[in-house]
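J.: Residues per chain, in single letters:
There are 2 protein chains.
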Amino acid sequence: MNKMKAMEREELQACLNSAAEKLAAWKEKGVSLDLTRGKPGKEQLELAGPMLETVKGDDCFAADGTDCRNYGNLEGLPETRALFSSVLGIPADNIIIGGNASLNLMFDTVARAMLFGVYGGKEPWGKQGSIKFLCPSPGYDRHFTICQTMGIEMIPIEMTPEGPDMDTVERLVAADSSIKGIWCVPKYSNPQGYTYSDAVVERMAALECAADDFRIFWDNAYAVHELYEETVPLADIFALAKKYGKEDQIFYFASTSKITYSGAGLALFAASDNNLSQIKPYLSAQTIGPDKINQLRHVRFLKDAEGVREIMRRHAAIVRPKFEAVIRGFRENLTGIAQWTEPRGGYFVDLAVEPGCAKRVYALASQAGVKLTDVGATYPYGKDPADTHLRIAPTFPSYEELVQAIDILCLCVIQATAEKILG
Amino acid sequence: MNKMKAMEREELQACLNSAAEKLAAWKEKGVSLDLTRGKPGKEQLELAGPMLETVKGDDCFAADGTDCRNYGNLEGLPETRALFSSVLGIPADNIIIGGNASLNLMFDTVARAMLFGVYGGKEPWGKQGSIKFLCPSPGYDRHFTICQTMGIEMIPIEMTPEGPDMDTVERLVAADSSIKGIWCVPKYSNPQGYTYSDAVVERMAALECAADDFRIFWDNAYAVHELYEETVPLADIFALAKKYGKEDQIFYFASTSKITYSGAGLALFAASDNNLSQIKPYLSAQTIGPDKINQLRHVRFLKDAEGVREIMRRHAAIVRPKFEAVIRGFRENLTGIAQWTEPRGGYFVDLAVEPGCAKRVYALASQAGVKLTDVGATYPYGKDPADTHLRIAPTFPSYEELVQAIDILCLCVIQATAEKILG
Numbered sequence: 171m172n173k174m175k176a177m178e179r180e181e182l183q184a185c186l187n188s189a190a191e192k193l194a195a196w197k198e199k200g201v202s203l204d205l206t207r208g209k210p211g212k213e214q215l216e217l218a219g220p221m222l223e224t225v226k227g228d229d230c231f232a233a234d235g236t237d238c239r240n241y242g243n244l245e246g247l248p249e250t251r252a253l254f255s256s257v258l259g260i261p262a263d264n265i266i267i268g269g270n271a272s273l274n275l276m277f278d279t280v281a282r283a284m285l286f287g288v289y290g291g292k293e294p295w296g297k298q299g300s301i302k303f304l305c306p307s308p309g310y311d312r313h314f315t316i317c318q319t320m321g322i323e324m325i326p327i328e329m330t331p332e333g334p335d336m337d338t339v340e341r342l343v344a345a346d347s348s349i350k351g352i353w354c355v356p357k358y359s360n361p362q363g364y365t366y367s368d369a370v371v372e373r374m375a376a377l378e379c380a381a382d383d384f385r386i387f388w389d390n391a392y393a394v395h396e397l398y399e400e401t402v403p404l405a406d407i408f409a410l411a412k413k414y415g416k417e418d419q420i421f422y423f424a425s426t427s428k429i430t431y432s433g434a435g436l437a438l439f440a441a442s443d444n445n446l447s448q449i450k451p452y453l454s455a456q457t458i459g460p461d462k463i464n465q466l467r468h469v470r471f472l473k474d475a476e477g478v479r480e481i482m483r484r485h486a487a488i489v490r491p492k493f494e495a496v497i498r499g500f501r502e503n504l505t506g507i508a509q510w511t512e513p514r515g516g517y518f519v520d521l522a523v524e525p526g527c528a529k530r531v532y533a534l535a536s537q538a539g540v541k542l543t544d545v546g547a548t549y550p551y552g553k554d555p556a557d558t559h560l561r562i563a564p565t566f567p568s569y570e571e572l573v574q575a576i577d578i579l580c581l582c583v584i585q586a587t588a589e590k591i592l593g
Numbered sequence: 171m172n173k174m175k176a177m178e179r180e181e182l183q184a185c186l187n188s189a190a191e192k193l194a195a196w197k198e199k200g201v202s203l204d205l206t207r208g209k210p211g212k213e214q215l216e217l218a219g220p221m222l223e224t225v226k227g228d229d230c231f232a233a234d235g236t237d238c239r240n241y242g243n244l245e246g247l248p249e250t251r252a253l254f255s256s257v258l259g260i261p262a263d264n265i266i267i268g269g270n271a272s273l274n275l276m277f278d279t280v281a282r283a284m285l286f287g288v289y290g291g292k293e294p295w296g297k298q299g300s301i302k303f304l305c306p307s308p309g310y311d312r313h314f315t316i317c318q319t320m321g322i323e324m325i326p327i328e329m330t331p332e333g334p335d336m337d338t339v340e341r342l343v344a345a346d347s348s349i350k351g352i353w354c355v356p357k358y359s360n361p362q363g364y365t366y367s368d369a370v371v372e373r374m375a376a377l378e379c380a381a382d383d384f385r386i387f388w389d390n391a392y393a394v395h396e397l398y399e400e401t402v403p404l405a406d407i408f409a410l411a412k413k414y415g416k417e418d419q420i421f422y423f424a425s426t427s428k429i430t431y432s433g434a435g436l437a438l439f440a441a442s443d444n445n446l447s448q449i450k451p452y453l454s455a456q457t458i459g460p461d462k463i464n465q466l467r468h469v470r471f472l473k474d475a476e477g478v479r480e481i482m483r484r485h486a487a488i489v490r491p492k493f494e495a496v497i498r499g500f501r502e503n504l505t506g507i508a509q510w511t512e513p514r515g516g517y518f519v520d521l522a523v524e525p526g527c528a529k530r531v532y533a534l535a536s537q538a539g540v541k542l543t544d545v546g547a548t549y550p551y552g553k554d555p556a557d558t559h560l561r562i563a564p565t566f567p568s569y570e571e572l573v574q575a576i577d578i579l580c581l582c583v584i585q586a587t588a589e590k591i592l593g
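Chains D and L, in that order, give the protein sequences.
For the first sequence, the numbering used here gives the first residue as 171, with consecutive numbering after it.
For the second sequence, the numbering used here gives the first residue as 171, with consecutive numbering after it.
For the record, the hints were derived by calculation from the structure and aren't laboratory data.
Remember, it's a predicted structure, so these values are computed and weren't measured experimentally.
No false leads were mixed into what you were given.
Ranges of calculated distance between the beta carbons of each label pair, as one might list FRET restraints:
hint : chain 1 : residue 1 : chain 2 : residue 2 : range
1    : D       : Ala345    : L       : Pro451    : 31 to 37 Å
2    : L       : Ala376    : D       : Glu293    : 36 to 42 Å
3    : D       : Glu502    : L       : Phe231    : 36 to 42 Å
4    : D       : Glu400    : L       : Asn444    : 51 to 57 Å
We treat Cβ as the ideally placed atom computed from N, Cα and C, and that holds for glycine.
Turn these sequences into a full structure, and let the hints steer you where they fit.
T.: Given below as structure tokens:
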């Protein structure tokens with residue numbers, strides 16, 4: 171229970187007054203801080219600087235002789251696919267390299283399923299009337315936006331520290347053939363930073379679905395985004411799915427957006443042989459192929475799986491103190507008053523305030539000059555039913571700005587909670 | 171009339187024997203030549219070499235301060251849009267910058283129309299039953315592949331040296347609301363190298379359509395791809411369409427594939443304010459944005475419209491002798507026997523042989539070691555009804571290879587024509 175509920179009204183009022191007073195002081199200072207942006211900070215972007223000088227005009231050839239300046243190569247250069255194969259443990263032949271944004275690959279994958287269907291399905295999704303996706307929530311708003319754009323109904327699924335509530339997932343997909351997919355960020359989930367347990371990954375890999383065209387959208391956005399040397403393992407969904415003969419149920423996504431550059435990185439899509447054989451003709455009608463020189467840059471700069479681990483260690487050295495500052499601020503100020511996650515990687519911390527208070531915290535923070543992610547953004551249709559979750563993005567502000575912003579945020583939480591309990 | 175038809179049988183047989191003999195000699199040499207590839211040659215690719223060194227890791231900022239390494243900017247950098255605005259004469263605000271391939275923008279534009287409809291339309295194209303596109307033919311095979319992939323019926327429209335047969339186009343679109351689009355390569359058309367006359371562009375701009383959701387797909391792939399100092403002007407379709415209140419009917423595409431790099435260039439899409447306001451929400455659900463560092467590279471390297479003209483002059487200096495070798499070969503060997511186009515820009519020459527002979531020419535060339543583009547590839551459904559057109563791509567082979575290949579091709583045409591007339 172919230173420890174503020176145990177307070178006398180006077181004590182509560184004193185808490186409220188003290189917080190409000192401090193917030194007024196912050197307001198006078200006129201700060202302008204932003205905790206919304208789940209993007210790399212300036213120092214992180216500097217890490218990939220040398221990448222831009224790895225390819226010169228006379229040195230644009232892939233290992234197999236492909237002239238990366240010219241047309242050709244739909245699936246990605248062999249060395250690029252090999253690099254990600256070694257990083258992610260997926261056979262190179264099952265990997266397709268894309269352009270800058272994995273979101274684009276996800277949208278296109280759903281669009282393709284709507285227009286043409288998926289391997290093993292009898293009809294395009296778009297020809298089957300009303301269809302649905304399961305949405306572990308809180309989750310990534312841009313996944314939900316894809317569904318909303320496509321007119322796909324979203325069913326929220328409760329997230330736990332082990333992953334989505336699999337009892338519900340299994341029950342729903344077994345019963346309803348109009349459920350065509352589930353969005354998963356299996357490692358360091360957005361926004362809670364949870365990593366699916368081995369048991370959850372195995373149950374996901376083995377899903378028995380009423381639909382013959384159901385797909386798991388496995389967005390492994392934070393596959394290598396560790397904050398600590400001791401990493402958090404994620405079970406290999408392709409290997410597990412194979413065991414159950416279910417590898418065709420998986421669409422896998424990843425990118426270098428938070429390894430090299432968010433504005434000039436590589437995205438990738440991986441799927442079973444059956445899926446790729448169904449998809450490639452459409453892909454080949456859609457594009458002549460993504461930027462090959464940027465693939466070459468990435469391979470020359472990152473080199474191999476150890477090269478990827480090395481740059482991620484350097485990211486962690488920059489990002490870890492920021493995450494720790496957030497957690498420290500919450501521990502010092504909000505223990506017993508709110509709950510938060512303490513991720514060992516990824517890009518977000520989830521702060522769960524007293525139910526019914528999140529919108530008020532947002533408004534107070536906004537008045538004090540701290541921008542928070544819209545309350546509800548991490549839920550389908552933008553609606554957090556309990557009005558409780560706030561997504562905190564520690565990476566983009568400087569350390570000093572972050573510490574200030576968290577101080578202010580904690581005051582807002584205290585004020586909002588006191589107001590709520592006082593009624 | 172084909173001058174070979176006026177020959178006595180003996181003379182014809184002598185022609186045939188002589189050609190066959192020379193072809194046999196070529197066969198013995200075992201050449202392996204390729205006239206299929208409409209892609210830049212090696213020397214051309216070297217022109218953009220310095221571009222790769224224009225952006226370093228510490229110098230990735232756009233003029234407005236945008237950090238091109240990070241997320242953000244859906245529509246393209248202001249300076250990139252301004253560059254193409256000055257090159258193409260389209261307002262910068264109406265231009266959206268894409269990734270490497272304009273084909274991708276075209277496919278996505280059709281896919282979006284299928285799923286969500288277009289501005290002014292009442293329903294998605296995909297919900298309207300059978301729909302159709304007009305396809306000026308011969309044309310670009312990848313346009314036709316998009317239609318075929320989407321299940322859009324294709325109606326061939328005859329191409330003339332002035333552009334598509336507009337009488338037929340006007341009649342059809344006025345009568346049939348299931349016709350939703352027309353594919354146009356208005357300048358140096360693929361494969362004939364025809365440029366639409368001012369009158370054709372104006373009639374296109376003014377099209378009165380039964381469908382309220384008809385679109386002209388204006389693929390200006392060869393907008394600046396001149397072979398000679400004296401350029402071939404193309405009327406401004408947006409300006410003309412505005413005069414008729416029809417600017418919403420135009421979807422415009424272009425790319426730097428044959429200016430900088432086919433494998434690492436920029437594509438662009440342009441459309442009216444109304445169209446963009448309808449499209450942007452979908453675009454924003456689809457992607458966080460294309461590679462911004464590559465945009466910066468292009469702006470720094472090309473600089474302005476004069477910079478683009480300058481690199482195109484250098485391309486022309488490499489490509490012009492190749493086109494002229496093709497034309498010279500045809501003039502010397504095929505005058506009175508076949509027809510060909512003599513483009514002043516673009517990437518292709520169209521060779522029209524005696525009806526019923528194109529497939530035979532293809533087969534003979536193939537036996538002699540010269541690969542030709544599949545007969546029919548430039549027609550919807552891959553079917554050239556008269557079996558007459560061969561698409562010649564002069565840019566990729568070296569000059570020496572090209573001259574050999576054209577020699578061989580001319581022999582094949584003579585043999586096939588003689589065979590045909592002899593019966």
